[in-house]
Every structure is written in structure tokens, then in C-alpha cells.
Amino acid sequence: YKAPREPIVLCHGLFGFDIRGPQNIPALQFHYWSGVEDTLAKLGAKIIVTKVPQAGSIWERSHALHTILKSILVGKNVNFVAHSMGGLDCRHLLANFHDRPYQVQSLTTICTPHRGSPVMDWFRDQFGVGHSRLPTGLKLDKLLVDWFDEPAYAHLTTDFCKDYFNPNTPDDPNVKYYSYGAAAKFPAWSSLLGIPGQMVQEKEGDNDGIVSVQSAKWGTYVKTIQADHWDL
Numbered sequence: 001y002k003a004p005r006e007p008i009v010l011c012h013g014l015f016g017f018d019i020r021g022p023q024n025i026p027a028l029q030f031h032y033w034s035g036v037e038d039t040l041a042k043l044g045a046k047i048i049v050t051k052v053p054q055a056g057s058i059w060e061r062s063h064a065l066h067t068i069l070k071s072i073l074v075g076k077n078v079n080f081v082a083h084s085m086g087g088l089d090c091r092h093l094l095a096n097f098h099d100r101p102y103q104v105q106s107l108t109t110i111c112t113p114h115r116g117s118p119v120m121d122w123f124r125d126q127f128g129v130g131h132s133r134l135p136t137g138l139k140l141d142k143l144l145v146d147w148f149d150e151p152a153y154a155h156l157t158t159d160f161c162k163d164y165f166n167p168n169t170p171d172d173p174n175v176k177y178y179s180y181g182a183a184a185k186f187p188a189w190s191s192l193l194g195i196p197g198q199m200v201q202e203k204e205g206d207n208d209g210i211v212s213v214q215s216a217k218w219g220t221y222v223k224t225i226q227a228d229h230w231d232l
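For what it's worth, UniProt numbering labels the leading residue of the sequence shown as 1, then goes sequentially.
Don't read these hints as lab results, they were simulated from the structure. Since we're looking at a predicted model, the values are computed, not measured. Just so you know, even glycine gets a beta-carbon here, dropped at the ideal spot from N, CA and C. It is possible that part of the hints are untrue.
[What the hints assert, rightly or not] Here are the simulated DSS-like pairs of lysine-lysine, each with C-alpha atoms no more than 27 angstroms apart in a straight line:
no., residue 1, residue 2
1, 70, 51
2, 217, 51
3, 70, 223
4, 42, 176
5, 176, 162
6, 223, 46
7, 76, 162
8, 217, 162
9, 203, 162
10, 217, 176
11, 70, 46
12, 76, 51
13, 46, 76
14, 185, 42
15, 217, 203
16, 185, 223
17, 176, 51
18, 223, 203
[Claimed, not checked] Label-pair distances were calculated between CB atoms; the ranges are:
no., residue 1, residue 2, range
19, 224, 166, 28 to 34 angstroms
20, 48, 176, 15 to 21 angstroms
21, 198, 46, 37 to 43 angstroms
22, 46, 174, 19 to 25 angstroms
23, 99, 41, 29 to 35 angstroms
24, 46, 205, 26 to 32 angstroms
25, 43, 166, 29 to 35 angstroms
26, 174, 231, 18 to 24 angstroms
27, 60, 172, 16 to 22 angstroms
28, 151, 74, 14 to 20 angstroms
29, 201, 99, 39 to 45 angstroms
30, 46, 162, 31 to 37 angstroms
Please build the complete structure, drawing on both the sequences and the hints.
What follows is the structure, encoded as C-alpha cells:
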């Protein structure tokens, strides 16, 4: 494997982070990208780990990402690698921030719900989370659960991704798009992803417990990894 010459920007998913734990005690720190970051660094790649609002909207997260990158990567070529919702953030950035002082060569998404997730549909329908006034002005029919709801939830439903986000987020013709999906087999009682995984299986087929393989496909599909959503 030959490491790319350009920096790799790692973009986290919903409730993601860069590093948690005491700054002065590395042994007690937990890295969101721990195995990936270490492996790429050993291969000689330059890694940039980003942090955006954990449960913010796609607009908030992509704006935060662009703000970070334009301050440190002026005149640089970079490659994006994004997990889960991070892939939607990157797609929005590429489609809407045209004055980038950095050049994105590629975007590789890992288990990104490009077509939303039935799991988020279920939470919306059962508990009201994710209900919002969409940018089209169409108001969904249930009340917000204000104490629990977050902007990100509405942006991960299947109808939002299919009916609004994808039609209004064209690919950048100068960027190469790659994607990976994941599939795991587990009985409903075996893990926290068991029940949602069976729910997605019934609606969309093979999945990682949250995102189906079909939803994860965007651009050139590379392969399906045998893992669940949290293993990646």
C-alpha cells in the first residue's frame, strides 16, 4: 500500500468526536478514529482529525468542517474519509462551498446513510424525534420532543435524504467519490444493534445495524465490510 501524498481528513459521524479524556494523560484518552488513524500514520500518511457539532444539522456540521479546513489547508490538496453522517457533511460541503482555498481530490464514505436510515424513521414515527420544518417548507405531522430532539435526527431519515438532500446536493465533478458499506449478522438479543439491525434487514436488506448496504452506496462502491456500525 502506498500512502497518498495529500493529507487525509477524517470526518466523524453522529455523536462523534476527535479525542476524549485528559489532555495530559494520553493513556486515558479515547480516539474516535484510533485504529484507522494509527494504521494510516504508520503507512506514512498525513492525518487531520476534525471535530464538528456532534448532533448538529448537516448545514452546521459542514460549515464547521469548512471553517476548520480553510484555516489550515490553504493551497493544499486533500482527501476526505468520512464515517456515517460525516459523509453527508462532506457531500454538502463539496456541493455548496465553492470558494474553497483547498482542493478536495476524493471523498470516501464509510457506512454513510446516503439514502437515510429506517432506524431514524422509526424513532421519528414512534417518539417524534427528527420532526422538523424541512427547507422546502413542508411541516411533518408530529410535535417535537424538545428535550430529546437534535437537528441531526431529521437529516438522517429516509424521506429527507431521498426527497430533499440528494436532489439538492449534486456531486462535484472534480472530486472522485468512493464508498464502503458493512453487513453484520446478529440475533435481536445479541447487542444494542440487534433489534435495529433486524428492522433495517426487513426494509432494505443487509446492513451494519443502522445503515443498509444499499444506503451506503455512493459513487464507486468499493466493497462490503463484515462488521457492524460501531466496529468501523
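Problem - Supplied distance hint 26 to 32 angstroms, evaluated on CB atoms of residue 46 and residue 205 - result: violated, 37 angstroms
Exercise for the section: Determine whether the Cβ-Cβ distance between residue 174 and residue 231 falls within the hinted range of 18 to 24 angstroms. Expected result: violated, 33 angstroms
Problem - Cβ distance range 14 to 20 angstroms for residue 151 and residue 74, holds or violated - result: Violated, at about 30 angstroms.
Exercise for the section: With respect to the beta-carbon atoms only, verify the hint that residue 198 and residue 46 lie 37 to 43 angstroms apart. Expected result: holds, 41 angstroms
Exercise for the section: Determine whether the Cβ-Cβ distance between residue 46 and residue 162 falls within the hinted range of 31 to 37 angstroms. Expected result: Since residue 46 and residue 162 have Cβ atoms about 36 angstroms apart, the given range 31 to 37 angstroms holds.
Exercise for the section: For the pair we were handed, residue 223 and residue 46, check the Cα-Cα distance against 27 angstroms. Expected result: holds, 24 angstroms
Handout entry: Pair hint outcome, residue 217 versus residue 176 [Cα-Cα no greater than 27 angstroms]
Key = holds, 14 angstroms
Practice task
Look at the Cβ atoms of residue 43 and residue 166 and judge whether their distance stays inside 29 to 35 angstroms.
Solution key: holds, 33 angstroms
Practice task
Go ahead and decide if the range 28 to 34 angstroms is satisfied by the Cβ distance of residue 224 to residue 166.
Solution key: violated, 21 angstroms
Exercise for the section: Assess, step by step, whether the Cα of residue 42 is no farther than 27 angstroms from the Cα of residue 176, and give holds or violated. Expected result: Given pair residue 42, residue 176 holds - Cα atoms ~25 angstroms apart, limit 27 angstroms.
Practice task
Note whether the CB distance of residue 46 and residue 174 lies within 19 to 25 angstroms or breaks it.
Solution key: Given a distance of about 21 angstroms, which is inside 19 to 25 angstroms, the answer is holds.
Handout entry: residue 99 paired with residue 41, Cβ distance criterion 29 to 35 angstroms
Key = holds, 31 angstroms
The earlier numbered hints that this structure contradicts are 3, 7, 14, 19, 24, 26, 28.
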